[in-house]
Each structure stands twice: as structure tokens, then as C-alpha cells.
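With chain A fixed as given, assemble chain B onto it according to the hints.
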Amino acid sequence: MAKRIEASNVTSYYGSFKAIDSISMTVEPKTITALIGPSGCGKSTFLRSINRMHEVLPGARIEGRLTIDDQNIYDPDVDVTAVRRMIGMVFQRPNPFPTMSIYENVVAGLKLNGVKKKSLLDDAAEQSLKSANLWEEVKDRLGRPGAGLSGGQQQRLCIARTIAVEPQVVLMDEPCSALDPISTLAIEDLMFKLKDRFTIIIVTHNMQQAARVSDKTGFFSIDKTGEPGRLIEYDDTQKIFSNPTQKKTEDYITGRFG
Amino acid sequence: MSMLTRSDLSGVVMTPENIRTKTLPLVTNLLVLVVAFGLSAAAVYGLGIGNWVLVVVLGWFLYLIGLFVAASQVEGRRAARNRAWRSLIYSACVLAILPLASVVWTLVSKGIDRLDANFFNTSMNNIGARDPNGGAYHAIIGTLEQVGIATLIAVPLGVLGAIYLVEYGRGRFATTVRFFVDVMTGIPSIVAGLFILAFWVLIVSPWFNDGQPRFSGFAAALALSVLMLPTIVRSTEEMLRLVPGPLREGAYALGVPQWKTILRIVVPTALPGIVTGVMLAIARAAGETAPVLLVAGGADAINFNAFDGNQSSLALYVFQQAGDASKYAPARAWTAALTLVALVLILTIAAKMLARRNSLTR
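Residue numbers (the numbering used here), protein chains in the order written: chain A, 115 to 372; chain B, 13 to 374.
Calculated from the structure, these hints are not laboratory results.
Please read these numbers as outputs of a predicted model, since none were measured by experiment.
Just so you know, even glycine gets a beta-carbon here, dropped at the ideal spot from N, CA and C.
Relax, there's no trap hidden among the hints.
Quick look at which bits of chain B chain A covers, simulated, 3 or more residues with Cβ under 8 Å:
#1 245-259
#2 264-273
#3 277-284
Chain A regions said to be covered by chain B (calculated; three or more residues, Cβ under 8 Å):
#4 156-170
#5 193-201
#6 211-220
#7 223-237
#8 275-281
In silico DSBU-like cross-links for lysine-lysine, where the CA-CA straight-line distance does not exceed 30 Å:
#9 A:225 <-> B:272
#10 A:230 <-> B:272
#11 A:307 <-> A:244
#12 A:225 <-> B:364
#13 A:253 <-> A:231
#14 A:232 <-> A:244
#15 A:253 <-> B:272
#16 A:144 <-> A:253
#17 A:244 <-> A:225
#18 A:244 <-> B:272
#19 B:272 <-> A:232
#20 B:364 <-> B:122
#21 A:132 <-> A:338
#22 A:353 <-> A:309
#23 A:132 <-> A:362
#24 B:272 <-> A:231
#25 A:244 <-> A:144
#26 A:307 <-> A:353
#27 A:144 <-> A:309
#28 A:253 <-> A:225
#29 A:230 <-> A:253
Looking at chain A on its own, in the form it has when it is part of the complex (with noise of 0.2 Å):
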């Protein structure tokens, strides 16, 4: 079950800096959305604000409307671990738990929100491998530690630990930038196939990326240091890499952005 997410004017701070300043777009279902642009254009906290993960920085706050299938998850009632529960994430750097076994790290999840069934976390596992196209490199050496992967296979590893929660939403904040080409491929791979059952934001710094796996694109920008990031435009990703509306979006991505 993937879900369509609306975003109308949502502003975040940190603090009393404006790190972005009324974001709107909407994204569809089972689609792959990347978001590009500049160092510190507010991407990341975009993405971030999108599972309630911003505010877990002291002093960051959030306004506007954030809907999941029209419910807002900023509404004060709202259960933040639920949420999160419903919307992945994968980080820049992979960051298996260390005390962890491979198994363990990718069932923990599903462990630490109380699935106590051995058949069921032994399925789970099994299945979120396959799907991070990391089982066959894994299966016969479970039991050791997730640290003493490669970085590739740590980013594969903890990707199958947010999909074994069947979430239905994923977020990866610049999933590839400490990858090799090989590891970078293999998780473009499998965005791919796991574009069926999520829905898949992605905020990369690779272009080609970018128009490589994405069904829309969004670019943000800000003016100079210390005003907030803004969306400036935001459209099918062959739009925006063949014909972008705005100056601004062309002249960064043919380079002459600066």
C-alpha cells in the first residue's frame, strides 16, 4: 500500500533560522520523486520533515500541512513512532546497529515494536534480503555482525531494514553518496523493483542519478547563505532535464549554476 503525500506550505526552522520556507508539492503513489539541488538548499530537511524526523534536533520546529492520504501528521494527536513506523527512512551513511547481528539488525524493527514470532521475523528477514538483492551475499553468514559488511552491503543491509517494516513510504537522503559505482547501481537496481509496492523519495546530489531513477524531479535552491531553501520548480523529470521552466533549474543543471 503506497500512499500519496501533499506537503502545502510547510516551513521548518531550527531554531529561529528558516531553513525552508513554504514547500508545496504533491506526490503520487508508487512513483519515484527525487529531490536536487545545492548544499544547504534544504533538501534534507525537506525530506525530514516528511516522517517527523526534523524536529528530532533540538530547537526544530515546523509549520504548514503535511498529508498522508489527507491526514495531516502534524496534527498534534498524532502518534509520532506511528507515523514513522509508516514512512521509512535510509541515511546518507549507513548505520547498521553495531551490537547487532545481520539478522538482528534486519529485524529490528519488527523486534523492537514487539513481533515476537520466530517464523514470522525468520520470513521477514528472508524476504526483505531478496528484496534489497543482498541474500544470496548474506544467507550462509547471519549470525555475524552487520558492521563487518561492506559499505554497499551495509547501505543494501539497511534498506532491507526499513523495507522488513513494511512501511509505505521510503525516504533516502543521498543513499549512494558513499558508494562505489557497483553499490550505487545495485541500489538504483533496487529502487527500481521496490517502486511496485513504495513510494520512493530520494534526495541526491547525482544528476544523472537523479534523471536516471525518477519519475518527477524537484529542484530547490536558495538565494544566498542564510535565507531559506525554496522549491523552485518541480516537474516530470524528462521535463525538467530536456525543457525547465525556470532559469534558474536550467543553469544548474547544464552546470552554470553559481
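Then chain B, alone, in the frame of chain A:
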């Protein structure tokens, strides 16, 4: 020493000579050593200004200088400086280990005399000045009970306090707590003892004892826990802070509530460090004499009940035996000191092994 300029560097061409260095031969090295010690011995004994200790110290000093000079000639300045600093660091390391080795050697050599079964299964009850027997059974019981109770009090409080400071504490209250934990670190043990004497022994204990104040091992445990608490809070706090933020975020992003993230992800990750901090606190508490003397009173007889009546402890036993007039007392003091060190060592090793078993190590 002149500064290198860019033109110096840019002119360097890679030739077989300038990318290779000569190494000081081992024979020369040993020769320097022999000459240095020879000179040192000649100087010290010739002038009659000291004994072999001075020969070693002066000889080593001359050796380091000689080594630097010799290496400068053969290997060049950079390699010689590297060699000199490396030697200094090794020397400092040996110097730091010497006192430790000396303490262990003294304890073992002097403590071995009374390291017999009698020492471990008798108390000092009815042991007179001319009695060569007598043991520390009562003191071992006291130490184990007092430190055990103190640990049971201080570890949960300390670890929970540290979790509060790292994971929840914001604003003025947390700053205040942290400040007072720092202040507590500096409390002398005798003050902790006096506090428990005034508060527990004189005010609270009469309620349980027909209006009479009463010493107890539990009072000593309270005083020890006051001493252990700040050490545990600060070390646990440091360890929890070392757990990377992305690990917490990874768990939050799976929809794991904060308390469960702390309990199942953060604390297990920091566990080996937390255990080390706890063991340091236990080691400190086990060696405290003053508070035990003040609030448990010390005893010669075995008292298993930590909640009623005088108790001794190993540290207090060492203190009392070392000052005793009996000619058999010093041997008992040494053996008790050895026992105390061994006890702490065994506990530390056991705790480290347990902590390691819980986490995956490759």
C-alpha cells in the same frame, strides 16, 4: 634550523640516494649503550655520589643523548629526531609501569606469608597480640556486602541519571544536575562518611533500634554509594555521548519509541564503556577506609548481617592491622591488601568478559 622553502622542495629530484636512508647498525646502538653506562658508572662511583640507581638513570640519559648524536651522523637529522622521540616515549612508558610492577611485587612477596586457609576462614575474634593466627574472613564478608549493596544502589541511579542527562536533559535543570555531579566528584570520602553518620546513623537508624543509634554495614554501603555515584554518572554520560546520533535516528526511523531506542540500541552499544566506569567506581569504593570506620565501626567478629551491628572491611582491616602492636599483624595487613587487589582484579576481569559476551565482536 632553517625553514624549507618552496624552491627547496620543487628542486628535489628522485634519485636512488635521496629516497633511501642509512640505518644505525645494531652494533653501534649497543656500543653507545655500553659506553653510556660505563661513563655513568665511572662518574657515579668515581665521584662517590650515589648507588646503582643513579648509574641506571644517568646511564639511560647518556644513552639517549649518545643515540641521538650517533643517529644524526648516520641517519640524518629527521631520522635521529624520530629515534630520540620514540626512545623518550618508550622510556616514559616503562617509567609509568615501574611503580605498578613495584606495588604488585611488594604485595605478592609480603602477602604470601599469611596466604593460607586459616586467613580466609577465621576472623580476628579472640585473637590476642601473641597469637600468630587470625584472618580476614569477617573483613572479606564486610567488603563484599558493603560494596555489593553500594553497587546495587549506585549503578541504577548513576546509569539512569546519565541517560537523563544525555537523552532527555535540556535547559537549566540538566545543567544544575551536571554541575552538582561534578561537585560530588570532589567530595572527600571522609565527608561522605560524616554525612551518612549524621544523617543515617544518628537520625534514621534510631527509628529501627529502640531509639539508639547503631552502626551497620548498610550505612557504610550508603556512604560508598555516595562516592560511587558521580563516577558512574560521568563515565556513563561520556560513553552514551559517544554513541553516534545516526544510530538513534536509524531506530527512530523504524518507528521505535525513544525509551526502547535507548534501552535496546544506545545502552547496549555503550555497554563495554559503561562497565569499565562502573568497575572503576567499585574499585574506588572497595579501597575506602574512612567511611567504613565512621559508620560501620569496624569489628573483629564475623557479622553477616549488613543491616545490624558493626562490620569491618578489607581496607579497614589493613588499616587496623598495619597499626597494630602485635608482631603478627603486619603480615596479616599485607595479605589483606593482596586479597583486596586480587578481589577487585577478578571482579574487573569477570565484568569485562560478561560485557564482551553481550556484544558481537569480530
